[in-house]
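Heads up: the protein sequence lines correspond to chains U and R, in order. Residues 1 to 495, numbered by my numbering, are exactly what the first sequence covers, in order. Residues 1 to 495, numbered by my numbering, are exactly what the second sequence covers, in order.
Take the hints with a grain of salt, since some may be wrong.
To be verified - Dumping the calculated DSS-like pairs for lysine-lysine here, alpha-carbon to alpha-carbon at most 25 Å:
(1) R:K213 x R:K475
(2) U:K5 x R:K387
(3) U:K202 x R:K205
(4) U:K100 x R:K491
(5) R:K475 x R:K387
(6) R:K34 x U:K448
(7) U:K34 x R:K205
(8) U:K182 x U:K196
(9) R:K427 x R:K387
(10) R:K190 x R:K100
(11) U:K107 x U:K34
(12) U:K34 x R:K488
(13) U:K213 x R:K34
As the list claims (entries may be wrong) - Now the in silico label distances, taken between C-beta atoms and shown as ranges:
(14) U:P487 x R:S40: 46 to 52 Å
(15) U:Y144 x R:V48: 34 to 40 Å
(16) R:A114 x U:W74: 38 to 44 Å
(17) U:S44 x R:E247: 54 to 60 Å
No lab work stands behind these hints: they were computed from the structure. Just so you know, even glycine gets a beta-carbon here, dropped at the ideal spot from N, CA and C.
There are 2 protein chains.
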Amino acid sequence: MSYQKYIETNRKIADIGYSIALLSWDQEVMMPAKGAEARSSQISTLSVIAHEWSTDERYGELLHALAEDKSLSWEQKRNVELSLRDYEKQKKYNSDFVKKLSQTISKSFNAWQAARKANDFKVFAPLLKEIVALKREEAEMLTYETHPYNALMDDYEPGATVAQIDELFAGVKVSLSEMLDKINQSPQPKNLFAGKKYEADKQWKITQELLKKMGYDFDAGRQDYAPHPFCTSFSAKDVRVTTRADESDVFDMLSSSVHEGGHALYEQGLLEENYGLPAGSAISLGIHESQSRLWENCVGRSEAFWKNNFQLLSDVFPEQTKGLTAHDAFIADNIIQPSLIRVQADELTYHFHIMIRYELEKRLVEGSLEVEDLKDAWNEMYLKYLKVKVPSDNQGVLQDIHWSHGSLGYFATYSLGSFYAAQFFNKASQEIADLDKMIERGNYLPLKNWLNQNIHQYGRLFDASEICGKVTGEKLNFKYFKEYLEPKLAKVYQW
Amino acid sequence: MSYQKYIETNRKIADIGYSIALLSWDQEVMMPAKGAEARSSQISTLSVIAHEWSTDERYGELLHALAEDKSLSWEQKRNVELSLRDYEKQKKYNSDFVKKLSQTISKSFNAWQAARKANDFKVFAPLLKEIVALKREEAEMLTYETHPYNALMDDYEPGATVAQIDELFAGVKVSLSEMLDKINQSPQPKNLFAGKKYEADKQWKITQELLKKMGYDFDAGRQDYAPHPFCTSFSAKDVRVTTRADESDVFDMLSSSVHEGGHALYEQGLLEENYGLPAGSAISLGIHESQSRLWENCVGRSEAFWKNNFQLLSDVFPEQTKGLTAHDAFIADNIIQPSLIRVQADELTYHFHIMIRYELEKRLVEGSLEVEDLKDAWNEMYLKYLKVKVPSDNQGVLQDIHWSHGSLGYFATYSLGSFYAAQFFNKASQEIADLDKMIERGNYLPLKNWLNQNIHQYGRLFDASEICGKVTGEKLNFKYFKEYLEPKLAKVYQW
Numbered sequence: 001m002s003y004q005k006y007i008e009t010n011r012k013i014a015d016i017g018y019s020i021a022l023l024s025w026d027q028e029v030m031m032p033a034k035g036a037e038a039r040s041s042q043i044s045t046l047s048v049i050a051h052e053w054s055t056d057e058r059y060g061e062l063l064h065a066l067a068e069d070k071s072l073s074w075e076q077k078r079n080v081e082l083s084l085r086d087y088e089k090q091k092k093y094n095s096d097f098v099k100k101l102s103q104t105i106s107k108s109f110n111a112w113q114a115a116r117k118a119n120d121f122k123v124f125a126p127l128l129k130e131i132v133a134l135k136r137e138e139a140e141m142l143t144y145e146t147h148p149y150n151a152l153m154d155d156y157e158p159g160a161t162v163a164q165i166d167e168l169f170a171g172v173k174v175s176l177s178e179m180l181d182k183i184n185q186s187p188q189p190k191n192l193f194a195g196k197k198y199e200a201d202k203q204w205k206i207t208q209e210l211l212k213k214m215g216y217d218f219d220a221g222r223q224d225y226a227p228h229p230f231c232t233s234f235s236a237k238d239v240r241v242t243t244r245a246d247e248s249d250v251f252d253m254l255s256s257s258v259h260e261g262g263h264a265l266y267e268q269g270l271l272e273e274n275y276g277l278p279a280g281s282a283i284s285l286g287i288h289e290s291q292s293r294l295w296e297n298c299v300g301r302s303e304a305f306w307k308n309n310f311q312l313l314s315d316v317f318p319e320q321t322k323g324l325t326a327h328d329a330f331i332a333d334n335i336i337q338p339s340l341i342r343v344q345a346d347e348l349t350y351h352f353h354i355m356i357r358y359e360l361e362k363r364l365v366e367g368s369l370e371v372e373d374l375k376d377a378w379n380e381m382y383l384k385y386l387k388v389k390v391p392s393d394n395q396g397v398l399q400d401i402h403w404s405h406g407s408l409g410y411f412a413t414y415s416l417g418s419f420y421a422a423q424f425f426n427k428a429s430q431e432i433a434d435l436d437k438m439i440e441r442g443n444y445l446p447l448k449n450w451l452n453q454n455i456h457q458y459g460r461l462f463d464a465s466e467i468c469g470k471v472t473g474e475k476l477n478f479k480y481f482k483e484y485l486e487p488k489l490a491k492v493y494q495w
Numbered sequence: 001m002s003y004q005k006y007i008e009t010n011r012k013i014a015d016i017g018y019s020i021a022l023l024s025w026d027q028e029v030m031m032p033a034k035g036a037e038a039r040s041s042q043i044s045t046l047s048v049i050a051h052e053w054s055t056d057e058r059y060g061e062l063l064h065a066l067a068e069d070k071s072l073s074w075e076q077k078r079n080v081e082l083s084l085r086d087y088e089k090q091k092k093y094n095s096d097f098v099k100k101l102s103q104t105i106s107k108s109f110n111a112w113q114a115a116r117k118a119n120d121f122k123v124f125a126p127l128l129k130e131i132v133a134l135k136r137e138e139a140e141m142l143t144y145e146t147h148p149y150n151a152l153m154d155d156y157e158p159g160a161t162v163a164q165i166d167e168l169f170a171g172v173k174v175s176l177s178e179m180l181d182k183i184n185q186s187p188q189p190k191n192l193f194a195g196k197k198y199e200a201d202k203q204w205k206i207t208q209e210l211l212k213k214m215g216y217d218f219d220a221g222r223q224d225y226a227p228h229p230f231c232t233s234f235s236a237k238d239v240r241v242t243t244r245a246d247e248s249d250v251f252d253m254l255s256s257s258v259h260e261g262g263h264a265l266y267e268q269g270l271l272e273e274n275y276g277l278p279a280g281s282a283i284s285l286g287i288h289e290s291q292s293r294l295w296e297n298c299v300g301r302s303e304a305f306w307k308n309n310f311q312l313l314s315d316v317f318p319e320q321t322k323g324l325t326a327h328d329a330f331i332a333d334n335i336i337q338p339s340l341i342r343v344q345a346d347e348l349t350y351h352f353h354i355m356i357r358y359e360l361e362k363r364l365v366e367g368s369l370e371v372e373d374l375k376d377a378w379n380e381m382y383l384k385y386l387k388v389k390v391p392s393d394n395q396g397v398l399q400d401i402h403w404s405h406g407s408l409g410y411f412a413t414y415s416l417g418s419f420y421a422a423q424f425f426n427k428a429s430q431e432i433a434d435l436d437k438m439i440e441r442g443n444y445l446p447l448k449n450w451l452n453q454n455i456h457q458y459g460r461l462f463d464a465s466e467i468c469g470k471v472t473g474e475k476l477n478f479k480y481f482k483e484y485l486e487p488k489l490a491k492v493y494q495w
C-alpha cells in the first residue's frame, strides 16, 4: 500500500520534472525569441513545485517508513534507498542558499555572454568568483569526507572521488602523451573530404538513416536542429535528440547525431513501467556518456562502420566523394590534431581538454587557485599538454558554458564516458559473435540489444562501479581505452 | 501590497496553465506517437495543480478582501471582479463530479473514435447519453435562471443566453434562407482553380508571406503543420498557429492560415504586463472568432485582397494560374454550395451547420430530445435547411469532435464570431480612411492597429456586449453581416 503511494508520488514529481524538460527543449529548439521572459517564469514556477514536492516532510516520512519495510523486494528496496538518498541530499539545501545561487547563476550567465562578446575574461571573472564561493559553500553544506570537490562531483557522478580520478588521470596523461608524441613524429594523413560543401539537408538524411539503423525508435522520439546538440526525454517513450549542421565538414553532424543517438538509446532502453522511479533513470553522466561515445567512437569511427556506410555517403554526395573510398573516410574521421576548442577535439586530445578543466576546477574549489589566476593557469596548461598557444579568451578560458551555469564537478564525466565505453565495447565484442562483422554489415541491433539488456534496463538499480563490475567483471580500467585507440591510430598513422 | 500578491498568484497560476498549453501544443504538433501515455499523465498532474491553486481558500480570501478595497483603480477592480467570478464558479464544482466527468470524457472520446471507424452512431450514443446527463448535472450545479443551456454557454461566451441566441438565429435563418434561395436560382460560377495540384511547400510559402503582411510577429510566434488548424499561446509574446495542406485546393491552407493568424493577432495584441490577469486574456470564444473571421472572410475573401495577392499566387504557381485573373480567384474563393461537412462549408451555409447543432444541443440539454433520436433529428434538419441528404453517420452526426470532448454550449460562438466580425469590420471601414484601398495595396497594418487599439489591448476588461457597444455604438446586430455578404454574393452571382 505505502509502496504504491511511493510510486504515485514519484510519478507526480516526474510529471513536473519532465514538463520542465519539455519547456526547456522547446526553448532551445522551437520557441520564438520573444517568448523567453514568460518561459523563464514558467520554468521557475514548475521548478519550485518539483523542489517542494521532493522535499515534502510527508514524502520523507513515507521513505523512512519504507526503508524499514522488510517485505519489499530487492528492487523496491533499492528504489527506496536511492529516493531517500536524493531526498536527504535535497533537504540539506536551505532555501536562502538556493535562491542566492539561482540569482548568481543568472547574473553569471549574462556576464559570461558579455565576456564572450568582449572576448575578455575580466568581464566574467567577478561573477565566476561568486560562483566558486557559492559552490564551496555548497560543498560544506552537503558535507564531505576528504575533499570538497567530491561533494560537487556527486551531482553528476555519484561515488566518484578526487582520489580515484587523480589516480586514473595520472595514468591517462602518461599514456596519451606517449601516443601524442608518436603521432607528432608521424606524417599527418590528409583529410580528402575537406574543402568541399556538404548541404545540410543532405547530411540530415544520412543522420536520419543512421539513427534508424542504430535502432533509435522514431515513434518514441524525433531529431531536430538546435544550436547545441543534446538529448532529452519526457519518458522512455519520448526521447528527443538535436543536431547541428556544418556544411564544410561532412563528419560533424554525422558524429554528433550518432553521439546523441547513443544517449537516446539509453533513455529509450529504460523500462516504461519504472517511469519516475530511480530504476527508470540513468545512473550517472559518466555512464550516459559511455553510451554516446560507444556509438560515436567505438562504432561510428571504426573501419567496419565506414566499410558499410561509405556507400550511403557517396549516394548522397556523389560529386564530393568521387574517387574516394571507405578507407579514406575512416582516415579522415580519425585524424588527431591538438587544438584549442574542446567540442571540436579529436578522440585522443579531447582528454587533455578534460584533464585541464578538472585540475583547474578542483584547485578553484579547494582554494589553491584564485579566479584571478585562472586564465594564466589555463593558457600554461594548454601550452604544456597540447603545445598550443591560446590566442584569445574566447578560444581559451571562456569557451565552455558550464561554469557560468554553476556546473562545477561535471567535466571529468566526459572522459569517464570514453573509458567506460571502451571497456563495455571490449566486453560486447567478446560476448557478441562477430560483432565487427555485424558492424561491417550495418547490423547494429545485436549491440543495441546487448546494451539494453546489460545496462539500460536496470536504470539506477546498480551504480556506476557496480554496473561496470557486473558487465565487465572488473572496475573501470583505462587499459581498454588504450587497447581500443592505439591499434586504430596505428592503422591511421601506419605505425 | 495585497493587489501585488494577487498579481503574483495569478501569474503563477498562469505559468501552470501555459505549461499545460505547451504540453498540448507539443502533443498535437511535435510529439512522437508513443509519447501519448506519459504526456497525458503530465497534463493531468499540472491540471490538478492549476485547479488546486485557483480554488485555494487563501486565494479566495484575498479576492474577497480586494473586492472591498476602495483604493483600487477601475482596471484593478475589474480584474479582481472577474477573478472572483472565475473563483466562485470553480468552487461550485465538487471533486467527485470533476473526476467522473473527466473519466467519462476519456471513455467517450474513445467511443467516438470507434464509432467513426465503424461509421455508426450507435457505438457512440451510450457514451454521449452519459455526457449529456453529466452536462445537465453540471448546469444544475452551476445554477441558472431560465435555461440550463445558459449555464453551459457561460464557459465559452459569458453573458450569452438562449433567449438572445434564439431571437438572433430566427432572423438569421430567414435572411440566409432567402439568400440561399436566390443562389439556388442563379447559375453556379466555375472554380477555375479546381482540378490542379498545388504543392504543399509552395502553399506554405504563401501563408508565411500573408501572415507577415497581416502583422503577425514571427519573433513572437511560429507556424507549423498539424492535423487540425489551431492557435495557442504561452504568453502574448509566444503565440503559435498551425495549418494543414490540401494539395487539391489552393484556398484551403491559405484561408486557414489567415483565419488562425487573426486569432494570433488577438493574442499577440494582449498586453504583456497583464500576463496572468483577466486584462491579459481574451473576452470570449465569440470575440476570438470575430478576429479570425474578420481576417479570413472580410479581408481574405474580398475582391481587394485578391487584387493584391493574386500576383503572389501566380508567382508561386505560374502553371496552375496561367490565363487566370484576380477576379477568378475572388469568384472561386466565394462560391456558395450547401454541403455536409461544417469545416468545409462556405461563408453562408456555414451558419446552418451551426444553427442545427445549437438547436439539437439545446434540446438535448433541456430534455426535449433524446440521444437515441439525435441522428434522425440531425438528418431531418440537414434536409430541411440545406437540402442535403446525409449518406452516412461520419458525414453527419459523427463529424465533430466537440460532444465527445464534453463541449456542449460551444457551437453558437462560431456564428457569433462571424456576425461580430462584420460589425467590427463595418466600423473599421468608417474609421480608417480608404480601408478598402489599403487592402488593395496589401497594407493591412492600419486595420491591425485599429483592432489592437479598439479590442485587443483591453483583454477581458470589457465583456462581449460592452466591447461591441464601445467599438460600434450598438449591440450585436446581424444586419452588418447581411450588408457585408449580400453585395459580395451579388458580384459573384451577378444579381
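Each hint tested on the structure:
Pair hint R:K213 plus R:K475 does not hold up; C-alpha atoms about 31 Å apart against a cutoff of 25 Å. Restraint check: the Cα-Cα separation between U:K5 and R:K387 comes to about 59 Å, which exceeds 25 Å; the hinted pair is violated. This hinted pair checks out: U:K202 and R:K205 have alpha carbons roughly 21 Å apart, not beyond 25 Å. For the hint linking U:K100 to R:K491, the alpha-carbon distance of about 68 Å lies beyond 25 Å, and the restraint is violated.
The hinted pair formed by R:K475 and R:K387 fails the criterion: a straight-line CA distance of about 33 Å is larger than 25 Å. A hinted pair counts as satisfied when its Cα atoms are at most 25 Å apart, and R:K34 with U:K448 qualifies at roughly 20 Å. A C-alpha spacing of about 23 Å is found between U:K34 and R:K205, which places the hinted pair at or below 25 Å, so the restraint holds. Restraint check for U:K182 and U:K196: the C-alpha separation of about 30 Å exceeds 25 Å, so the hint is violated.
As the CA atoms of R:K427 and R:K387 are separated by approximately 35 Å, the hinted pair breaks the 25 Å bound. Between R:K190 and R:K100, the direct Cα distance comes to roughly 52 Å. Violation of the 25 Å bound is thereby established for this hinted pair. Proximity of U:K107 to U:K34 is assessed by CA-CA distance (about 19 Å); at most 25 Å being required, the pair is judged to hold. Between U:K34 and R:K488 the CA atoms are separated by roughly 40 Å; this puts the pair beyond 25 Å, and the hint is violated.
The suggested pairing of U:K213 with R:K34 holds, with an alpha-carbon distance near 19 Å, which does not exceed 25 Å. In this structure the hint that U:P487 and R:S40 lie 46 to 52 Å apart at CB holds, the actual value being about 50 Å. Judged by the Cβ atoms, the range 34 to 40 Å given for U:Y144 and R:V48 holds: they are separated by roughly 39 Å. At about 43 Å, the CB distance of R:A114 to U:W74 agrees with the hint of 38 to 44 Å.
Against the hinted window of 54 to 60 Å, the Cβ-Cβ separation of U:S44 and R:E247 comes to about 44 Å, which falls outside the hint.
The structure shown violates the earlier hints numbered 1, 2, 4, 5, 8, 9, 10, 12 and 17.
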